[in-house]
Amino acid sequence: MTDVADSARRLAVAYRGMVRSAVANALAYRGRLAIWLLTSLFPLIMMVVWLNVVAEQGPAASWDRSDFVSYYVAAALVFQVTQSHLVWIWDEDLRNGTMSFKLLKPVGVYHQFLSQEIGIRLVTLAFFLPIVVVAALTVGDVRYPVGGARLMLVALAILLGFLLSCTMAMSFALIGFWSTQSANLYLLWWGAGAFLSGWIAPLEVLPDALRSLATVLPFRSTVGFPLELLLGRLDSAEIVIGFAVTVGWLGCFGAVFGLGWGAAVRRYQAVGG
Amino acid sequence: MSSEATGLAHGACSRRRYLRLLGIFWRNSVASEMEYRFNFLANAVLSVFWLAWAAVGVSVYFRFADEVSGWTYPELLVVVGLFFAVNGVRQAMITPNLARMTEYIRMGTLDFLLTKPVDVQFMVSLRHVGVLNWLDPVLGVVLAGIGVAAADQTLTIGAVVAFVVLLGAAIVILYALALALMSASVWTVSSEGMDDVLQGMVETSRLPVQLYRGVLQTVLTIGVPVAFLTTFPAEALLGRGDARLLVVAPLIALVAVAAATAIWRFALHSYSGASS
Amino acid sequence: MSGIGNDCIVIDGLVKHFRVHRRQAGLGASLRGLIRRHYDVVRAVDDISFAIAPGEVVGFLGPNGAGKTTTLKCLSGLLHPNAGRVRVLGHEPARREREFLGAITLVMGQRNQLFWDLPAMETFLVNQAIYRVPPTQFRTALDGLVALLELEDLLDKQVRQLSLGERMRCELAAALLHEPQVLFLDEPTLGLDVAGQAAIRTFLAAYAAERGATILLTSHYMADVTALASRVVLIDDGTLRYDGSLADLVATFAPYRLVRVTLEANATPDALAVYGEVASVDGPEAVLRVAREATRDVASRLLAELPVVDVSIQDVPLEDIIRQVFAHD
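Chains as they are written, first to last, in numbering that gives the first Met the number 0: chain F, 0 to 272; chain Y, 0 to 275; chain V, 0 to 328.
Please note: incorrect hints may appear among the correct ones.
Claimed, not checked - Derived contacts from chain F toward chain V, CB cut-off under 10 Å, selection only: (1) Arg8; (2) Arg9; (3) Ala13; (4) Arg19; (5) Ala21; (6) Ala27; (7) Arg29; (8) Ser39; (9) Thr97; (10) Tyr267; (11) Ala269.
Stated by the list, open to error - Label pairs and their in silico Cβ distance ranges: (12) Ser31(Y) <-> Thr135(V): 48 to 56 Å; (13) His20(V) <-> Gly257(F): 27 to 35 Å; (14) Thr135(V) <-> Gly107(Y): 41 to 49 Å; (15) Leu36(F) <-> Arg322(V): 58 to 66 Å; (16) Phe39(Y) <-> Leu36(F): 30 to 38 Å; (17) Pro134(V) <-> Gly107(F): 40 to 48 Å; (18) Ala205(V) <-> Leu36(F): 45 to 53 Å; (19) Leu10(F) <-> Arg212(Y): 47 to 55 Å; (20) Leu154(Y) <-> Gly107(F): 30 to 38 Å.
The set of hints was computed from the structure by calculation and includes no laboratory data.
Everything numeric in this text was worked out from a predicted model, so none of it was measured.
Cβ coordinates follow ideal geometry from the N, Cα and C atoms, glycine included.
Taking the hints into account, I'd like the entire structure generated from these sequences.
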């Protein structure tokens, strides 16, 4: 029992240091503003087109102008927090030898990457959260009908979505130990999932079949679920199902990674990375 | 030989030499990328995937309307197809060179290149080519063709000529944008994020500029000439473009390249001054 | 988990090989490579065995591609052997146990674990957290390393702004903050200028003397080894060529010394051959190889019997000895 407590404490100390330097690194990266610009662009483009459609044809699937604006303003933030670039970072580390250094540390490689991601997200949130809050308070069209309790649920949903996204990314990244195609495979996964997550368009404007499918797949947990929660469009049952699906997939991919990691290290030790 | 003739002969000689150099550079780029052989097949598959993805993606809007801001679904596909073509050119010819700018500057390779008897702009902007996305421009043009056919549009010679002129202007404008960003990276001693900025600009050309409306539309037509990249060539192919663009677009392209080259020269000038 | 005697590092019959894709130049070969690839098996390490006692400083010498780095990676757990047994501090490195990882360090020349855009201090702090070094211990270790490596002015500069030598010194500090018992140093002076190399050598000598850590150092610079190690292991083509003290190496492979003599007139090989083996003749200068015991005798005879302007006695350069050891028969 004390072993577990000791391990946990040891990990916490390591995380504090690793996240700290990840934040410092993220702040030092000069291209960050450009990255933010690029990843916020897509949702804004989508929003503009939907507003066009609504202006010309009226509400789409009962989503009016205000719904779309509210969705996409928050989407800019949720996208940034939950979309993970781990596969590319992992791949790069494998190619340039940095993985060796990570493997030599007495802290799990999973934790080293996760703390890196957390650090980047903290910097991103510091930039995007104020924007969303200001927009929510000042722009008339932006409406988030949620109280304190629900906002906490939204935060939890975003956190779980982030963890799920990281775990999925790392599971695909393991493929990199055997093949150069891990990033491409992940892109296929992500691309297919984009229709089912709420990225291409809010799930409610998609055909029913897709919407039902999306409810049981992991993609919605990273985008659509937190957003629909924020917009107050889910009833209690749907909220419970949403969290259950998220946690379920988190466990699933966690297991995939856990099982695959041993094999991946053995592979690295066989061919020298 | 008269000095004029020697000058011309020299010009022809150096053009041939540059073409030969380009051949060597590009052959090396291809050879090194072929080291990762599965990448070729994989990227071809992904190209098809992303094209289908984009085509299906924009169809969502048309669940609720037959037309968005004057564009029908097949017509929109023409723009999407041309976006793929232009973006493919960006990924093949610009990204590999833009990404290396940081390395050139930080490692001093730029100094090294400045001492070579070859034009630095040529070396820096055209040296590397990425062939992994070779399928994109091909698929893009194919999709555009499909769009034109599905839009019940008969392709006239005039439309095709206009299309070629405007697409050519688009590529030149793209190069000018890239060169301007390379100059900026000389100043900031880093090209981190520069490719992302360019990618962002090109991403906005995924949809016809009329879908943006208002101030944004004006900015994207006149400020940052994204409209020239895909919207105008698409309209030409669909036979509904503004004829004046046939003169305006090449002019804008020339002005853009001239301006970008001037910025590049200025950046180099201040760079050499600083590092001495 | 010991029971393997008192040795800190044990390698027994280590074998490690890799599959390498062979490719020729040219576009045609590249295209063919898309369809079919030819692989060769490279035996990087081919049955080597040696043991290192705690506190020893061992120089691991060999030309490029000899198998030094591969051996070090096997010892640090980055590679697992195809055959043979490896034990470090009683642990099997490939199992990567936390206790093992916390007791070793691997430093690779010209490669950094330092954060590029941040001051070196940031990397030190992360390592403190990762290795769970208590604050007071960290302070002491850091102060000691900063003093020995002369890092005072470098700590606040971005790593990207440091020179290669400065970066290497910071890298060493980052690698030693958790006070590991075993140090694996892979070409730590590679690419450094003479001053930089000297600085690293001085530091390592002092560190070894103070801490009693076990150090395995690879290099293809002779000077690294003479400065730091009393024992050398020579490896080439994946096999061990010599394992013993430096003094014994010299005695075994160079049981002679060089007598350099300058005469008044041009020297003739025949005239000199009676004194010893003539290594070279260049005008009035000649070099003779003379058995160690006979040098004094030969020197006095030369002075007495020939018109000598100058005579000197030298040891065979270590490089030449090593080269001889590595020479293929």
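Comparing the hints with the structure gives:
With a least beta-carbon distance of about 9 Å to chain V, the hint placing arginine 8(F) at the interface is held under the 10 Å criterion. The restraint placing arginine 9(F) at the interface with chain V holds, with a minimum CB-CB distance near 6 Å, inside the 10 Å limit. A hinted interface residue such as alanine 13(F) counts as satisfied when its beta carbon comes closer than 10 Å to some beta carbon of chain V; here the least separation is about 5 Å, so the hint holds. A least Cβ separation of about 7 Å between arginine 19(F) and chain V falls short of the 10 Å threshold, and the interface hint therefore holds.
Given the 10 Å rule on beta carbons, the hint for alanine 21(F) holds: about 9 Å separates it from the nearest Cβ of chain V. Given hint, alanine 27(F) at the interface with chain V, holds; its Cβ is 4 Å from that chain's nearest Cβ, closer than 10 Å. Taking 10 Å as the C-beta contact cut-off toward chain V, the hint placing arginine 29(F) at the interface holds, the least distance being around 9 Å. The interface hint given for serine 39(F) is violated, since its Cβ lies 24 Å from the closest Cβ of chain V, which is over the 10 Å cut-off.
Below 10 Å, beta-carbon pairs count as interface contacts, and threonine 97(F) has one with chain V at about 8 Å; its hint therefore holds. Because the closest C-beta pair between tyrosine 267(F) and chain V is about 8 Å apart, less than 10 Å, the hint holds. A distance limit of 10 Å between C-beta atoms decides the matter here; for alanine 269(F) the minimum to chain V is near 7 Å, and the interface restraint holds. Here the CB-CB span from serine 31(Y) to threonine 135(V) is close to 52 Å, well matched to the stated 48 to 56 Å.
For histidine 20(V) and glycine 257(F), the hinted distance range of 27 to 35 Å is satisfied, since their beta carbons lie about 32 Å from each other. At about 44 Å, the CB distance of threonine 135(V) to glycine 107(Y) agrees with the hint of 41 to 49 Å. Under the hint 58 to 66 Å, the C-beta atoms of leucine 36(F) and arginine 322(V), about 59 Å apart, fit the expected range. Taken as a hint, the range 30 to 38 Å holds for the pair phenylalanine 39(Y) and leucine 36(F), whose Cβ atoms sit roughly 31 Å apart.
The given range of 40 to 48 Å is broken by proline 134(V) and glycine 107(F), whose C-beta atoms sit roughly 24 Å from each other. In this structure the hint that alanine 205(V) and leucine 36(F) lie 45 to 53 Å apart at CB holds, the actual value being about 51 Å. For leucine 10(F) and arginine 212(Y), the Cβ-Cβ distance of about 52 Å falls inside the hinted range of 47 to 55 Å, so the restraint holds. One distance hint, 30 to 38 Å for the beta-carbon pair leucine 154(Y) and glycine 107(F), is violated here, with the actual separation near 60 Å.
Violated hints, in rising order: 8, 17 and 20; the structure is consistent with all others.
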